[in-house]
Each structure stands twice: as C-alpha cells, then as structure tokens.
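Hey, can you work out the whole structure from these sequences and the hints?
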Amino acid sequence: MRTGIRVVVIDDHHLFVRGLELLLPEVSDGRAAVVASTGDAAYAASVARHAVPDLVLVDLHMPAPGGVRAIGAVRRAAPRARVLAMSGDDDPAIAIEALRGGATGFLPKSSDPADLLQPLLAAVDGWAVLPDQLLAVLTEQTRRTAAHPAATLSEPDRELLRLIAGGSSTVEMAATLHVSERTVKRLTAGLLRKLHVASRAEAAAVAGQAGLL
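Numbering (UniProt numbering), first residue to last: 1 to 213.
Derived by calculation from the structure, the hints in this document are not laboratory data.
Each hint should be verified, as a subset may be incorrect.
[To be verified] The calculated label-pair distances, taken between Cβ atoms and stated as ranges, are:
(1) D132 x A77: 29 to 39 Å
(2) L22 x P65: 23 to 33 Å
(3) A189 x P65: 53 to 63 Å
(4) G19 x A93: 18 to 28 Å
(5) G4 x D89: 28 to 38 Å
(6) E26 x A77: 24 to 34 Å
(7) R76 x W127: 14 to 24 Å
Idealized CB from N, CA, C, for every residue including glycine.
Structure (structure tokens):
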C-alpha cells in the first residue's frame, strides 16, 4: 500500500474540507493527508502547482469558474496528479462532463470518510474510480454510440458531416474539401443515405447526437 499520499482539496464547503483534513489521516493510519486546499476554483491551479499533490479532489458545484474548469486547470498545472471529481448530488450529467474535462474518476460526497481510503488509493495507482450508477450510465452511452450510424463513418465522411452541421453552403464545402460543387452534392447524398436521414438538418442533428460537433 502506498505511503505519504498528498491530497489537495478544491471545495468551497469548509466543513467538508475540515472533515477530510481531520479524518483522512485517521482512517488511513497517517498514510494520506490533506496538504492544501482552496474554496476558490480560480486558484485551483496555483494551489495544485505549489502543493505537488498525488491526488486532487475537486467539488463540481463551485462558483465561477466552476469545478469542471478547475479540473482542466489542475491537469495543466500538475499533470502527474490524479484528479477525482466530487459532488453532493447524483446527477450523472455533470460527472460525465467532469470526466470529459480530465477527471480520472468520480466520488459522491455522501461517501463515509472511512470508505474513501480505498478509492483514493486506487485512483493514485491509476485506476478509474466510478460509482456503479455512473458506470452503468457510461456503459449505456457507449453502447448507444457504438450502435449509432455515425460511429461507422470514415474520417472524410465525418469531416463532411461537421461542415454540414456547421451550416456551410455547397460552395463553402467545395472550397474547404477542394472538390467541385457537383462532387459535394454527390458526397452529401451518399452521406445522408448512410445516416438514414432525408435532409441536411437531420444530418446535423445526428452529428450532435453522436458528439461530432
């Protein structure tokens, strides 16, 4: 088991932070400790850079610039640190946003402090830490994406779809792709058939659903 785990907490709930400061060393037999904290997301990067942490806990529900942006800033300032997002609610949407923003895992703030040690150790060792509910949501999203027609598109088709979704005209797409307008119309017709849609507007909606925008 790892020793001397340095933890930084980015959270504006002072009682929660104080609780971690007191209880984390106790439940870990001194193996983990909070070495720095801030309740201002704007200072997250600076605190992480100077504290040289192994692990950074970031509350997602913070005043602007917010927890998700703080995660990105921390990742740039302390690239070797693992970042775990935390939240007091069970809405998976913001947790997924945090994972896309660079968090390596998520923990509900309702967790008992005594139950935090193993997930924290696992995160530091490189594991993705996710509660069962969030893992189920991610698995379902992956299944739906894999089954989506856009998942099988080639990169040229994806580029064309992005241009369509961006509102480019046939002339603009021809210039961007370095082909004739006739070719653009032919390629567009073929793309609509692949996506099983009848119009560019429907294709744009597909691009949004598939996360291509």
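Structure-based check of each hint:
1. D132 x A77: 29 to 39 Å: holds, 31 Å
2. L22 x P65: 23 to 33 Å: With a Cβ separation near 29 Å, L22 and P65 satisfy 23 to 33 Å, so the hint holds.
3. A189 x P65: 53 to 63 Å: violated, 44 Å
4. G19 x A93: 18 to 28 Å: Distance hint for G19, A93 holds at roughly 27 Å.
5. G4 x D89: 28 to 38 Å: Holds, since G4 and D89 (Cβ atoms, about 33 Å apart) stay within the stated range.
6. E26 x A77: 24 to 34 Å: holds, 29 Å
7. R76 x W127: 14 to 24 Å: holds, 22 Å
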